[in-house]
Amino acid sequence: MRKKSFMSSLVAVPHMVWCALFIVAPLLFVIYYSFTNTEGSFTLDNLTRLSDYGDTFLLSVEMSIIATFFAFLVGYPFAYFMARQSETGRKICMILLMLPMWTNLLIRTYSMMAILDDGGFLNSVLAWIGLGPVHIVGTKGAVIFGMAYDFFPYMVLPIYTAISKIDNRLMEAAQDLGCNGRRVLTRVVLPLSKSGIISGITMVFVPSISTFYISQKLGGGTFELIGDTIERQFQVPSTYNIGAMISLVMMILILISVAVMNRFSESED
Amino acid sequence: MEKIIELKNITKEYDGEKVLDNINLDIYDKEFVTILGPSGCGKTTTLRIIGGFEMPDEGDCIFDGKRINDVPAYRRHVNTVFQKYALFPHLNVFENIAFALRLQKVPEREIVTRVQEMLELVALKGFEHKKVTYLSGGQQQRVAIARALINQPRVLLLDEPLGALDLKLRKDMQKELKNIQTRTGITFIYVTHDQEEALTMSDTVVVMSEGRIQQIGTPTDIYNEPVNAFVADFIGESNILDGVMIKDRLARFAGKDFVCVDGGFDPNEPVDVVVRPEDVDFVDVEKGMLTGTVTSVNFKGVHYEFIVDINGFKWMIQSTDFVEEGREIGLYIEPDAIHIMKKSEYSGLYGDYSSYSDELDELSNADDVEE
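Residue numbers (the working numbering), protein chains in the order written: chain A, 1 to 269; chain B, 1 to 371.
Since the hints were derived computationally from the structure, they do not count as laboratory data.
Keep in mind it's a predicted model, so treat the numbers as computed, not measured.
Heads up, the beta-carbon is just placed ideally off N, CA and C, and yes, glycines get one too.
Heads up, some of the hints might be wrong.
Keeping only pairs whose Cα atoms sit at most 25 Å apart, straight-line, the calculated DMTMM-like set for lysine to aspartate or glutamate is [to be verified]:
#	chain 1	residue 1	chain 2	residue 2
1	B	K18	B	E6
2	B	K84	B	E128
3	B	K18	A	E87
4	B	K84	A	D167
Partial list, derived from the structure: chain A residues whose beta carbon lies under 10 Å from chain B [stated by the list, open to error]:
#	residue
5	P133
6	K140
7	D167
8	L170
9	A173
10	Q175
11	D176
12	G178
13	N180
14	R183
15	V184
16	R187
17	V188
18	P191
19	L192
20	R232
Start from the sequences, fold in the hints, and give me the full structure.
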């Protein structure tokens, strides 16, 4: 028995080394930089300078919330529709959903830019039917759209999983007791897919709030989100420390919000 | 009594396979009707058509004189107790039962009184705030019944509701269900594959096989006067023999002539003869109408169950008298214990105990989960 457990812990060694190298070590670096200045001595200056970035932070929160909201608005019906398909239908939906994911995020965003740009595909079509041109790239809307679009599958998949786990008999029972289609959804399907909704929201909100590429490309450099701020700090060594502090605070805030979300979903399970 | 539900020429196919073949069934108000049959006979589909979860391909479903084929489930005055209960896991006992009333925006006060009444009816007082997932099978069953009854439906549909319960609990629930039905005066349509359940509770039993109704009648009728070999075999134990009706009240089977009480057949018409195991008496060999050898004995508690070889045909005989294995024995059958049936497509398929074993019997009863 002892030997077996020794062997099995031996198997886990590569994984632990991996975690130590690529998760724990970078984290320690972030913490180290956060509380030191450029000379490497301990300081709390970085913490006090955070208030300079308050507005950027609030803007990021606002835009991520809107993006998450729209991803949910489109994602939930899509997931519901998908869960109600036959086996083949589900597979087709899944491929359609996953296909864009096989393309790199940066390339996807770049092509979205090509489509939405002033001289892009969409505007050519709009101009051709006499509705354009519409200035899209460089607006808040474009960035929000980009976030919702890029992280859409992360919204759909957990919700889809939750809905497909609901026993069909529960929906029949609801109909039997007097629910029409809409009420089956609000009284039974929605509450029973809550855990999926919460995962979906978390999985779209978290990458949205920390993204920098989407806002740079689709935002056209007209405004800055917190992700861009962090990225900018790491382009010159002299601002590593404040960059690390913003990252650390962001990380803690995200952890707190995830914890709150999880608590919320567990409380009724 | 007035008709509450009429099924007229109902036909239903799945992928080209006929699951219901021309079903005609009248159900009367305040009746306890059981649809009985083996797995895949179409009984659940029949129930789902009445509940509004399936559309018949052909035929009409009439409720209270009106055709309701196109009425969706949520607007029918019918409620269902589902197989495995289908309770809402996100709601507690109280909210599960109150579900239908909440939809109708019934005032809170009335909801509380009516849920309390229901909890009392199903003997679950004090359970209101329990999570349904923490309840035992029997308790979940009661919640499901209360949830379906609170709407005061005209008809309650029950789809194998006791299938997942153990034997003792099932017996208790049978009594309780019958009790609830009598007290509330609601028409119950009960689907089961358990013949004993059907005989115990029902006013009317509908026996189905292969998408067709074989027989409709009271439990006594179905047991004493089965119309064909399928019904005779499915309800209780039967020895079914190939015979000839020589003339009215005289039948020939097992190589002998027997006086019986049936008539109305053509002279020398080939028939199926049913003799129930409990209707055969053991007598001395010389006094016997038939003689046979006991090939196996099983103790069943109230009686013994014997397999007796009579001229190569194995009979099942139940008796409180003990006879040891291998003994030669005489058999006596009263005229009114002999039941004569017309030949049917099921002739020759059932009623011979040459390959009988208890184990097989249990296996064939294990298919609770069906359709």
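Hint check:
no., hint, verdict
1, B:K18 <-> B:E6, "holds, 20 Å"
2, B:K84 <-> B:E128, "holds, 20 Å"
3, B:K18 <-> A:E87, "holds, 24 Å"
4, B:K84 <-> A:D167, "holds, 11 Å"
5, P133, "violated, 49 Å"
6, K140, "violated, 37 Å"
7, D167, "holds, 7 Å"
8, L170, "holds, 5 Å"
9, A173, "holds, 4 Å"
10, Q175, "holds, 4 Å"
11, D176, "holds, 5 Å"
12, G178, "holds, 5 Å"
13, N180, "holds, 5 Å"
14, R183, "holds, 7 Å"
15, V184, "holds, 8 Å"
16, R187, "holds, 8 Å"
17, V188, "holds, 6 Å"
18, P191, "holds, 5 Å"
19, L192, "holds, 6 Å"
20, R232, "violated, 46 Å"
Of the numbered hints stated above, those contradicted by the structure are hints 5, 6, 20, listed in ascending order.
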